[in-house]
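S.K.: What follows is each chain in one-letter form.
Protein chains: 2
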Amino acid sequence: MTAPAHRPRLGIATVCLSGTLEDKLDAAAAAGFDGVEIFENDFVAAALTPEQVRARCADLGLAIDLYQPFRDFEAVPPDLHEANLRRAEHKFDVMERLGADTILVCSTVSPDSVDDDDLAAEQLHRLAERAADHGIRIAYEALAWGRHVSTYDHSWRIVRRADHPALGLCLDSFHILSRGTDTAAIRVIPAEKLFFLQLADAPRLHMDVLSWSRHHRLFPGQGAFDLTGFLDLVLATGYTGPLSLEVFNDVFRQADPRVAAVDALRSLLSLQESVAREGSDRARASVGGLPSTPPVEGFAFVEIGAGREAEPQVAAALDALGLARTGQHRSKPVALWQRGSARVLVNGGVEDPGATMVAAIAVESPDPAASARRAERLHAPILPREHRAGEADLAAVAAPDGTSVFFCRTEAAEGWTADFAPTGRPAAADVGPTAVDHVALTQQTDDFDGAALFYRTVFGLHPEVPAEVAAPFGLVRSLSMTDAAQRVRIALSVAAVRRGDWAPGVPHPQHVAFATDDVEQVARRLRERGLLLAIPDNYYDDLDARLALPSDRLASMREHSLMYDRDEHGAFLHCYTPVLGSRVFFEVVHRIGGYRGYGASNAPVRMAAHRRARLQRSRRAPAPDTH
Amino acid sequence: MTAPAHRPRLGIATVCLSGTLEDKLDAAAAAGFDGVEIFENDFVAAALTPEQVRARCADLGLAIDLYQPFRDFEAVPPDLHEANLRRAEHKFDVMERLGADTILVCSTVSPDSVDDDDLAAEQLHRLAERAADHGIRIAYEALAWGRHVSTYDHSWRIVRRADHPALGLCLDSFHILSRGTDTAAIRVIPAEKLFFLQLADAPRLHMDVLSWSRHHRLFPGQGAFDLTGFLDLVLATGYTGPLSLEVFNDVFRQADPRVAAVDALRSLLSLQESVAREGSDRARASVGGLPSTPPVEGFAFVEIGAGREAEPQVAAALDALGLARTGQHRSKPVALWQRGSARVLVNGGVEDPGATMVAAIAVESPDPAASARRAERLHAPILPREHRAGEADLAAVAAPDGTSVFFCRTEAAEGWTADFAPTGRPAAADVGPTAVDHVALTQQTDDFDGAALFYRTVFGLHPEVPAEVAAPFGLVRSLSMTDAAQRVRIALSVAAVRRGDWAPGVPHPQHVAFATDDVEQVARRLRERGLLLAIPDNYYDDLDARLALPSDRLASMREHSLMYDRDEHGAFLHCYTPVLGSRVFFEVVHRIGGYRGYGASNAPVRMAAHRRARLQRSRRAPAPDTH
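Going down the list, the sequences are from chains U and E. Under the UniProt record's numbering, residues 1 to 627 are what the first sequence spells out, in order. Under the UniProt record's numbering, residues 1 to 627 are what the second sequence spells out, in order.
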């Protein structure tokens, strides 16, 4: 990868972030942005004078790269044109006081405007003259829903016709990619006429483009647009202005702006990395770099945190699953359970007696230090290292939901397993888990998109097909992520609205799924120990109706509470333990052939079964349920 | 209104409600439904056998009116047809055990199906033959996104062609009204071929109809469809089956099913009332009635609850606004403040010292007892009456958010004001509030649609245009409601995702807006007492840029922190107090001409100003903020 001639300036529109203008500026600066677009509504609601905003930005090391938006200017009758020029002069005054030299002018949506490119060009020329008097440039942008101008090539024809040095274009990836406009014509726009570049991704939604734009934009890489190809084309023109994010998103609008700003910056770093990997020579030369991603090579371990009362439940379940407690940490209350490459740490040091949680996940890396350096460059919070002399010094960062993430090389000479004293306990069962298949982490609404971004950029995972499940206590969205070799799978899920505040005893559980090649035998052992989640007959009757499976197979599935799914690659059998302690359960999965999914369609049946098991338990033990 | 020949049976699909099948059945029965549609996924996830479900429904007094859905049946190649018949036979067995005699068959979306009405009719005929052997009827429904059959008239042609007594139609208002299909042809369908009627409303959204249907349906009257006209047409055919709700809604899916079921029933009662008022003779004769709505005639009072520390703040603000403390309740710690018909009760008996809330609203009714009877018939919870001998016995119910709602006749001989002993305090200020203009009640996500339904049906208010505001701490949706004479206005709002969990000191405030005809003088008095919320200069600079108001008017607005809006009817000036205690503030509004709005576009500026005021106050008084 060629070293870039200059690091590109990274920017963010204040509208991307939640809070007052002051909150937004602080968050953008803290994340390390070089500049901001000041969204007019944020400025208008602020008590700071323009001079105070200017000084605050200077203190924070932020340039004001753009003032935006100025709406409904061009192609109007003469009296309205005069009124619009007056309106613009007021904004130019504000900009001079702010020290901002570029203003975004959106293509008009006014019913008072006419479809006349010559008139639009003429009036924009006059606006540019006025702007130039103040040392200000006009960046004209085609809104995807503009009344007469809705495509970037149309806006470029008008700018070319207007022919004024203070008039150029703003390209916004959303407005262009949402309409599916052919992007090839970007190549004919001279770099000096590209005044500004706004970047936003979005999921593919079938809805009106205005609502799509105003509510569902995402940071680059979080959606379905080809931002890499788009940025490549823009940079290939020679554009050297800021890469600036303009993302309207209902969740980000109300989330902690300090977290959202870090996600925003992370998305831009990752986008540049993609361009550096896949882009044209000219584009590659103009982007910043990141340390490369050492490939993740599987789960090293998963750590379950458990309180005093919950820990025996977790241990009993691991034992029933077929793992053996092979080690005890030399300085911490942590036991190592394993069978094959399925390794679970149980950390009994959690204060709340009934609590359980997935406290940490650890992935195998060929170069843990390099993995950690990359995570640090991507602004992942580095966790303080607590280890004694002689113990492994594991590199760890925090995922957005607070889960600790470790990078390890288990087979290294000084590997982490050496921290555990052998227990001399009997070996693991003959049949049982062979590895961790996936870890399922339930996210808060605010963390979901950020978590996907984290695992994509920090682990190098790619998202699989998102799923949506109508679960008993509300809609659940999920996104599974995996590496090319499918050795690390993370399943993220989120309650789309919230879930079950009315339903006592249903928090959002997390789980660890173990791979096995004999799920029936594992299920039998779980059942014998009273640790198999019972799946109701109605499920099997429906399976029979739908799939007409051989009756002996169906009988066996029914007997062992195995659930079933299939896809074009293969089949899937899986079973569950009840929830152990407050919020962790285990799954055992058997992938037959090349089945790629997670049995998502069975999730509602599993959730209802978990609810029943919890109610039954609370009836048996009428002690107050702390959840 | 003609008395109906029989009360129509009211039903609800289990998919409308949150929880397990057991939760849903309990909620439907508690609300008073006569029957349910069992949604297959709910049944499949349940541990109850069909016989147990049957017994449970019987215990609860619920008929199982429909089993649904059966998908992707018709117009397929022979081998698939055989498989589909086998699948259906399994479901017929389940239905016999359930005691359900009608199954919904949706028009196919399968890529294996062909566009052949004759084949569809032939295969449906065969299905009906099989069904008839079990005493089961097939209700065929055109999904709006059906592959070959997507309109009800098309489904009717196929049913007519299939010509089997056990085969009829299911009409679903969503599938018909979402596509804008002409409903006139409903009149040609014989009642005996209308096997089932599903009712759902929806907002007008510009998105793909499948997502619209699966996520955004509403109960009748909560959306934009003409359900009254639709039901009128169906009843005019002579249809006497259940009126059954099938509503897929992301919020209802996770809300308390007992609350949602009451909303559901309330919507059906209100819909029947509309048909009874506006429908054809035949339709009117077949719906149930409700006590009529006595028109609300204005606010009698608003009651603010306040803790020990907050109460003086509220009192100081009312004094500064120009109200006088004219009365003291004879047995409760409640003061009466008033000026003109603006009356506020301040109830100092709230336990939390810093808390404030809108505890109650009271509306004038010509017949309070009749208003209360109607509310009770609409399943509004009746509040226990606490009054001593000789004190007014006010009829009160609880709104969905817990606010108490009273019906009063202030001018009655035994009016509620007699409970207050005159204070002999000086009269109200010469200039000030003349009435309560509106009360703004912030709702929880789960309560928003239900609150609108409540005020529409219980008060007889109609919803005005919904608004959506990009507020500093997240998107806020609002809906104002008023009576025909605009004497009672309620403004409901909700944080669309959540709001500002990250932002300390920003709960969701409620407010009371007073009408005045001299807002400037009221604002001056508020400012003198330090109780005027300061609006920043940037707002006025922007107002100047946008509207070019006369400079003296602008200067006066700036001086008095008056915000401004206008519509096609008139103009609007308004100002605010800071938040008093935990969550209540006051607004003063001056409607000029016939302005109908609420200055919604100014809300973000007001919210940012409230945040600033709160931060300034907490800096001045560094005692720990309890919020």
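Please note that the accuracy of each hint is not assured.
A pair holds if it fits inside one copy or across any two, identical chains being indistinguishable in the list.
[As the list claims (entries may be wrong)] In silico DMTMM-like pairs for lysine to aspartate or glutamate, Cα to Cα no more than 25 angstroms straight-line:
no.: 1; residue 1: LYS332; residue 2: ASP79
no.: 2; residue 1: LYS332; residue 2: GLU351
no.: 3; residue 1: LYS193; residue 2: ASP163
no.: 4; residue 1: LYS332; residue 2: ASP59
no.: 5; residue 1: LYS193; residue 2: ASP208
no.: 6; residue 1: LYS91; residue 2: ASP34
no.: 7; residue 1: LYS332; residue 2: ASP393
The hints are simulated quantities; they were obtained by calculation from the structure and are not laboratory data.
S.K.: Indicate, hint by hint, whether the structure satisfies it.
M.R.: How the hints compare with the structure:
no.: 1; hint: LYS332 with ASP79; result: neither (78 angstroms within a copy, 63 angstroms between copies)
no.: 2; hint: LYS332 with GLU351; result: within (14 angstroms within a copy, 46 angstroms between copies)
no.: 3; hint: LYS193 with ASP163; result: within (10 angstroms within a copy, 69 angstroms between copies)
no.: 4; hint: LYS332 with ASP59; result: neither (45 angstroms within a copy, 56 angstroms between copies)
no.: 5; hint: LYS193 with ASP208; result: neither (30 angstroms within a copy, 38 angstroms between copies)
no.: 6; hint: LYS91 with ASP34; result: within (23 angstroms within a copy, 63 angstroms between copies)
no.: 7; hint: LYS332 with ASP393; result: within (14 angstroms within a copy, 67 angstroms between copies)
Consistency with the previously given hints fails for numbers 1, 4 and 5, ordered from lowest to highest.
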